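So the sequence lines, in the order shown, correspond to chains A and B. Counted the way numbering that gives the first Met the number 0 counts, the first sequence spans residues 0 to 465. Counted the way numbering that gives the first Met the number 0 counts, the second sequence spans residues 0 to 63.
By construction, these hints were calculated from the structure, which means they are not laboratory data. Worth double-checking, as some hints may not be accurate.
[What the hints assert, rightly or not] Straight-line Cα separation of at most 30 Å, BS3-like style, residue types lysine-lysine; simulated pairs:
1. B/39 with A/366
2. A/366 with A/252
3. A/85 with A/67
4. B/22 with B/32
5. A/66 with A/85
6. B/32 with A/366
[To be verified] Quick list of the computed label-pair ranges, beta carbon to beta carbon:
7. A/330 with B/8: 18 to 24 Å
8. B/5 with A/239: 26 to 32 Å
9. A/426 with B/12: 43 to 49 Å
10. B/50 with A/20: 47 to 53 Å
11. A/272 with B/48: 41 to 47 Å
12. B/50 with A/1: 48 to 54 Å
These numbers were taken from a predicted model, which means no experiment stands behind them. Every residue, glycine too, gets a C-beta built ideally from N, C-alpha and C.
One-letter residues, chain by chain:
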Amino acid sequence: MVEEAVWWSLADQLDAISDGSLSAEELAQVYLARIDRLDGNLASFVAVNDRSSELGREVDQAVRAGKKVPVLAGALIGVKDNYTTKDLPTRAGTEVEDLAFPNDDSFAVGQLRAAGAGIIGKTRMHEFAWGNITPPTRNPWARDYVPGGSSGGSGAAVATGLCSAALGSDTGGSVRIPAAACGTVGLKPTFGALGRTGIIPHSWSLDHPGPITRNVRDAALLMGALAGRDARDPSSINVSGSAYVDACTRSLKGSSVGVIRNHFGEGVVPDVARRFDECLAFLRDSGVTVREFEIPSLEYGLAAIFAIELASASAYHDRAVQLGWTQGFQPDVQDLVDMGRFVTAVDYLHAEQIRSVMCTEFAEVLKTVDVIASPTCPITAWPAGQWYVDVNGEEEHVLAASWRFTYPFDLTGMPAISVPAGLDDKGLPIGLQFAGRPFREVDVLSFAAAYERAHDWSARRPPGFD
Amino acid sequence: MDSLRRVTGLPFDDDRMKELLEKYGPMLTEIEKLRTLELKHVFPAVRFDPETAADGGTAVEKEE
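Please construct the entire structure, taking both the sequences and the accompanying hints into account.
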């Protein structure tokens, strides 16, 4: 039974641990054995916590003693390598030894530990979260394909049953893209809803922490545990963590969804487009009104995120550039960090202005519908080493294509979730995205959970990982 | 190239500067779209809060 528990939801694991029917120590041992057996090829972890079994034993002892255990007691969470941790090294995906990071728990890791969770290890990420390939991590569904990124290790580890759930971070789609590519759920909460102290910055006004999980309810559960005021993060808002799980059982009847026909309706590969149409049909059958809109400012969204992300990342790394340390970065990341200095201050401020326009236009749409639906990505995962994909007869750079539908919600700060929506003709996962009003995570969770309940995509396992 | 090095603060030789400019070209083409817009009535999505405490400040107490 313990071997099978790695495929259970986090919520089911916690229920079984708290009633004594599942040993947290044995679960930890199974996870560690699986990482040892399977991760050499998958490469989803960069560090593993050898104390995981000990943490589980402590939970088992508390349960046997009849003590009330915290809400996440016995959970073993994989944490992206840009969250600092007191007991595991943090490298943010870089091999540059001159760069050192604090040995303190990040706010999010502190929240997890306070809720009783253990950290099973640090998951691999694209260096400094500046890319969505995450080498050398492999896609669990097809080993020659990328897992997405930058939280690719978290997506791959959750998909293959190597941890109960994981944390990622999302600046242009880095939670939702690997979630979609690996067949898992990825939640990017509203900007400010989760504290960021101790997450190595990529772009201060775009970075969002978020969970990657086996199903929507687990994302809600982690959202509740992670929420809370982070006094050292100027963007942090104190949000309540109580309503997220309840939202996952809400009926959609009488609610409404918006579809943005410009930008989100363009350049989608046939398998993904077909699955999205099926999703809309499901929503209509569920009593949801589907309305169509256009957001004119999306024409300038890519310009805005280029200017903000390039300038911000280069500002963060500026001393490293001056000291020559960026020469030790991976070539793609080095280029992006070095070239951010070309963004002028005027261009940067224009980007922040169009961002305001974009927020206003999305807010107008969300006055008349509850959420906005789209595919998470217009493509599925692509072969490692391939830089261009065919999108309906036109070649598009994989990086440009993969984040096209995710970055708008980093610019606007709106909550957005990716939920598994089937496989393409190559057996690669497709993601469905719902985005909602700021601080209305309950809406995106309820839509994603309703879709998940009616389909079995989240329960499917990648081949070869039993 | 010396002027560009000074304006940008990038400490690279001519070859690296040219390589970066070439790679930046497609992104600049996108960013240039922003320059075609009249945005003077739009407040940028940045907020200054003088009361917000921030880590990493460089201010030091002045000695008497």
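We went through each hint and held it up to the structure:
no.	hint	verdict
1	B/39 with A/366	holds (26 Å)
2	A/366 with A/252	holds (18 Å)
3	A/85 with A/67	holds (26 Å)
4	B/22 with B/32	holds (18 Å)
5	A/66 with A/85	holds (27 Å)
6	B/32 with A/366	holds (29 Å)
7	A/330 with B/8: 18 to 24 Å	holds (21 Å)
8	B/5 with A/239: 26 to 32 Å	violated (51 Å)
9	A/426 with B/12: 43 to 49 Å	holds (47 Å)
10	B/50 with A/20: 47 to 53 Å	holds (51 Å)
11	A/272 with B/48: 41 to 47 Å	holds (44 Å)
12	B/50 with A/1: 48 to 54 Å	holds (52 Å)
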